[in-house]
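All chains, full assembly: derive it from the sequences and hints.
Protein chains: 2
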Amino acid sequence: MTAVLGVDAGGTSTRAVLVDTDGRCLGYGRAGAGNPISAGMEHAASEILSAVTAAIRIAGLAATDVGPGILAMAGSGVNPDAGWIRSALVGAGLSGDVELRSDLLATFFSGTFEPDGYALVAGTGAAGIRVRNGVVDLAADGLGWLIGDVGSGYWIGARVVRDAVAALDGRAAPTALTGLLLDALGIEVGGKHADGRPAALLAVTDAVYRLRPVELSRFAPLAFAAHGDDAATRILAEAADALARLFGAVAMPGLVAPLVLGGSILAQDSVVATAVMTAADASGLVSQIRQVDDGVVGAAVLALRSAGVPVDAAVFERITGSLAGLR
Amino acid sequence: MTAVLGVDAGGTSTRAVLVDTDGRCLGYGRAGAGNPISAGMEHAASEILSAVTAAIRIAGLAATDVGPGILAMAGSGVNPDAGWIRSALVGAGLSGDVELRSDLLATFFSGTFEPDGYALVAGTGAAGIRVRNGVVDLAADGLGWLIGDVGSGYWIGARVVRDAVAALDGRAAPTALTGLLLDALGIEVGGKHADGRPAALLAVTDAVYRLRPVELSRFAPLAFAAHGDDAATRILAEAADALARLFGAVAMPGLVAPLVLGGSILAQDSVVATAVMTAADASGLVSQIRQVDDGVVGAAVLALRSAGVPVDAAVFERITGSLAGLR
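Read top to bottom, the protein sequences are chains A and B.
First residue of the first sequence: 376, per our numbering; consecutive thereafter.
First residue of the second sequence: 376, per our numbering; consecutive thereafter.
Hints are computed from structural coordinates only; laboratory data are not their basis.
Beyond 10 angstroms from chain B on every Cβ pair, some chain A residues (computed):
#1 GLY466
#2 ALA551
#3 SER645
#4 VAL661
Chain B stretches covered by chain A per the calculated footprint, using a threshold of three residues with CB under 8 angstroms from any CB of chain A:
#5 518-525
#6 542-553
#7 583-589
On a predicted model such as this, the values are computed, not experimentally measured, just so you know.
Ideal Cβ positions, reconstructed from N, Cα and C, are used throughout, including at glycine.
Take a look at the structure:
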């Protein structure tokens with residue numbers, strides 16, 4: 376075995392890395408949507424394989440040089456059977472020795488090598504975990520767009536659309552979100568439809584119901600773009616409050632440990648990320664806060680640990696440093 | 376022609392009435408879901424026909440005695456073509472002379488014969504209209520569960536579920552809604568699942584995602600049942616605020632006129648209905664408020680008007696009085 380395999384398979388894109396037992400990243404590959412629940416097993420397996428073979432090619436290795444691997448993905452707790460991806464990997468000449476892990480755990484270990492701490496992820500969905508002894512001790516939210524994912528991209532985007540149409544509909548004060556939404560959908564203002572309402576309202580409604588509900592997350596950036604707008608400010612403040620409560624749900628008195636933030640809403644600095652970091656700091660339960668772009672470093676950490684390789688500060692630094700050179 | 380036909384076709388049930396030109400109801404029939412958008416054209420046509428033939432049988436009339444009719448249903452503005460129901464009626468020996476009208480307008484005319492005023496309906500969905508000269512002058516909301524229907528049964532029910540699971544998930548203070556929801560779903564408390572969370576949380580999530588989103592409206596009654604609970608009180612107060620804003624969107628300065636309330640959330644007295652009535656009263660734009668169970672009286676009013684029969688106070692009283700005897 377020359378290297379272990381870490382894969383971070385998401386709903387939009389998939390990342391694979393090959394890392395040797397010193398923590399040096401030898402190859403890195405990227406592909407499309409790799410979550411079997413949202414993309415379908417066949418498509419997901421094909422994208423994951425594409426990322427893995429790209430990483431092998433970059434590393435200049437043979438498929439037989441690749442040791443055991445970890446596939447981090449959402450839903451791994453509910454469907455822990457890895458048979459669908461094992462057979463795809465075996466078909467490509469790999470050992471197929473791969474185990475599934477939580478994408479949240481991979482996010483956590485993308486920010487720290489410590490065995491205990493917290494992770495919050497707010498992308499399309501939103502979830503938090505407490506990690507103890509390297510495994511998920513407690514999870515919160517991640518209950519999906521219909522009844523949970525509070526503070527997520529979906530949650531923010533759905534509110535953007537609701538507030539934008541309420542203003543168009545005369546049920547709320549005007550907001551900059553309306554113009555931003557019409558622009559985003561390529562809908563022009565003007566004209567009346569049969570019920571005395573603006574034609575644009577009917578056009579927005581038609582356009583939005585053609586999307587899958589989770590796709591409303593694409594309108595979340597409009598809330599960040601509408602600087603100073605009352606409705607947008609309120610939406611983002613409520614999202615930050617919800618994510619601070621999410622941290623509160625996984626935080627444990629006495630466990631002062633790292634907090635890792637991931638997902639499009641928290642990975643970059645924004646009013647939401649800043650407010651969540653301030654609230655987490657104020658709890659006194661956070662030793663450091665890291666923002667990470669994805670879970671691929673953590674997938675590598677989990678793959679090394681699973682292969683019996685301890686990951687300390689030096690190994691962790693080597694993973695992140697050498698991966699940065701490959702991306 | 377012995378009688379005109381009024382049909383109120385809803386997403387759950389359909390009502391048909393035959394009324395003579397003096398406003399006397401001669402026959403009344405009921406059947407299942409008659410909205411072609413939610414139930415499908417074939418099923419809707421069959422249910423409507425079933426209600427109509429029952430009304431004809433009760434009246435002791437022949438199909439050929441039935442004059443022109445009005446079919447009131449949601450979505451009639453978007454799909455005004457009545458071909459699908461005309462051919463079904465012709466197949467049963469009727470003239471097939473039927474026109475579609477807004478279900479909201481039928482609700483309005485179920486509460487008043489005056490040509491101007493307002494109607495608010497909050498059932499599974501929520502919408503409001505301003506009526507002038509007997510037609511819809513302006514509509515508001517009715518934009519569906521994903522982006523509108525604020526204050527509706529869906530809107531309340533979805534919040535009941537969200538608050539109930541947030542409490543189970545440690546993201547919110549305990550609420551009586553959790554126990555009420557578990558009871559409603561037949562889920563027992565107890566046991567932990569893999570992520571350190573209660574098994575009941577996973578069971579609720581599974582059960583709720585098996586429903587169509589609008590079916591979350593079935594949990595709205597739990598908010599009314601949880602007397603004094605903080606979360607339930609807040610949900611109902613927000614629903615009442617939203618419905619008061621909906622009235623504000625259709626209310627017109629200078630137009631002091633009747634307000635008709637319909638739909639399960641507003642047709643009976645409740646904290647929500649009372650708050651909406653108080654807000655509407657305070658506007659000074661409401662001459663009287665009526666709560667109505669459905670739109671079948673209004674469908675009869677619209678059918679008479681469409682046949683050239685003026686509907687005054689005496690005719691309106693005769694319709695409601697004689698229909699009450701048939702139901």
